[in-house]
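Residue numbers (the numbering used here), protein chains in the order written: chain A, 1 to 338; chain B, 1 to 219.
Be aware that a few hints might be false.
[What the hints assert, rightly or not] Anything over 12 angstroms on all C-beta distances counts as not near chain A; from chain B, calculated:
#1 Met13
#2 Pro75
#3 Glu111
#4 Val168
#5 Leu172
[What the hints assert, rightly or not] Beyond 10 angstroms from chain A on every Cβ pair, some chain B residues (computed):
#6 Ser29
#7 Pro54
#8 Glu98
[As the list claims (entries may be wrong)] Stretch by stretch, here's where chain A covers chain B in the computed footprint (C-beta under 8 angstroms, at least three residues):
#9 76-84
#10 180-188
Note that these hints are calculated values from the structure, not bench results. The structure presented is a predicted model; accordingly, all values stated were derived computationally and were not measured. In this text, a Cβ means the ideal position worked out from N, Cα and C, and glycines have one as well.
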Amino acid sequence: MPPRPGKPARPAKRSGPSGVEKLRSSLKRRMARPGARGELRPSAPIVPSQAVAGRALTLVVAIMSFLACLTVGAVTIIHEAANAWSNDLVREVTIQIRPADGVDMLREIEKAIAVAREFPGVGAVRALSDEETKDLLQPWLGAGLDLESLPVPRLIQVNIADASILDLAGLRQAVVEQVNGASLDDHSLWTDRLAAMANAVVFGGVAILALVLGSMVLSVVFATRAAMAGNRDVVEVLHFVGAEDGFVAREFQRHFLLLGLKGGLAGGLAACAVFLVLGVLADGSTGLAGMEQAVVLFGGVSVGLAGYLGVLAVIFLVTVLTAATSRVAVHAHLRRIE
Amino acid sequence: MIRFENVGLRYGMGPEVLRDLSFEIKPQSFQFLTGPSGAGKTSLMRLLFLSLTPTRGLIKAFGKDTSALKTSQIPALRRRIGIVFQDFRLLDHLTTYENVALPLRVVGQEESQYRSDVVELLKWVGLGERMHVLPPVLSGGEKQRAAIARALITRPELLLADEPTGNVDPPLARRLLRLFIELNRLGTSVVIATHDLALMEQVDARRMELGEGRLVIHD
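Could you put together the complete structure from these sequences and hints?
Below, the structure is given as structure tokens:
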């Protein structure tokens, strides 16, 4: 029956619950009983994930992983460049013949070439022409140089076909003994310096890596302690129901493993993105002056396979280190409270 | 089962809160532990549960001298003892079912192995319809029964209950007491710490009375 005008509408007497009440009671039932139809929800983690200082620590781990990956990338670039320089230099040696009174330079050059060619493992042997020698000296002595009027040493470039069978010491001795005023330069001064520089860079990289990972470990230790303190009731209850320390540690470690994996992946992927951008910029088509110089210096600033494998290793290391650190911290904490 | 010989306990450099306690909890026995507040009931319960070490004397639990136990050996002994706390100690983020199943989870049992046991026990303590709810939704009595079910799920040889009726009304207290008596009939030794005289009068059981750190036993 419609309500009379001028009178407020009153709900009619009803036999069953209204739609709103049905909805309310249904909601109430659902809130009170997550598995309302008798089915059980999958067992919740014993240590609630929100109780572990998640987001901030994930960010810290991600930043640390990113820095570690960048370090690995930089180390591989420099290491590969140093290797390339060294290889270029050890692929050839130089015979230098200094002019001396009464010595026929051309004859000595031919003699030196003949001596060098006798050695197994030696490839092409070639004396630098007058023009090439002039070009080499031009920056210091200027153009229009008369080689005859100056006591300029002459150079013979000896390419090494197979360094494993070449007797470099024997070649040096033969050249010095059989050719007047001759000496052999195997560029060891340069290669030694390059090796030292490369080693220093690698050492520095490893040191930075250790510092970054060390900071991350400390952050995880503090976070684990905070998580343990925040979940003291959970730890106590676990002890009361007979849980062993290993079980408690595993429950915390599980969260930190996931957290380490997330952070490591985020940092690693960000570093890979930086490497890819660097690779694109290093194509030389960008016209960036700094990048062109870097390309000239390093022979390319793109990160190779070793760099990407290094990133994978860092992600793995960060994940394992995060989980292991939390495990050790939990055990230490449990020892203290027992 | 558990034997105390001249056990004394002090916290730090303070006075002895328990002095010269000598008694034995026998298999399938039922006893009340009583005494005024601050008499040391909870400390004695913690000694029985191996969560405190005495400052002197000998405690033998299940035939082992507890002072010679390594830390790693204690969890296995604790699993033979069930404990119910006055404040329940349920984990609020786990459902009733998950709380009760916790002792089985910590020993590495799969859910498929224990599901029916847990459901059956929850029905036995009258929580069959409340197994999916989280503890904050449970009433005091329901929490108490959930805590008891958690203590019982591993079928312990000894059940320790600290003021199990402290937070419930008299009718529920009587129901809980009947539950403990039933358990005892099934073979579990029971120690109930309480200062509820009305509760103790309902059962003709051994009474261990603590006063000023000393224990008087009325068999």
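The hints, checked one at a time:
no.	hint	verdict
1	Met13	holds (20 angstroms)
2	Pro75	violated (5 angstroms)
3	Glu111	violated (6 angstroms)
4	Val168	holds (21 angstroms)
5	Leu172	holds (20 angstroms)
6	Ser29	holds (22 angstroms)
7	Pro54	holds (16 angstroms)
8	Glu98	violated (6 angstroms)
9	76-84	holds (count 4)
10	180-188	violated (count 0)
Checked against the numbered hints given earlier, this structure breaks hints 2, 3, 8 and 10; the rest are met.
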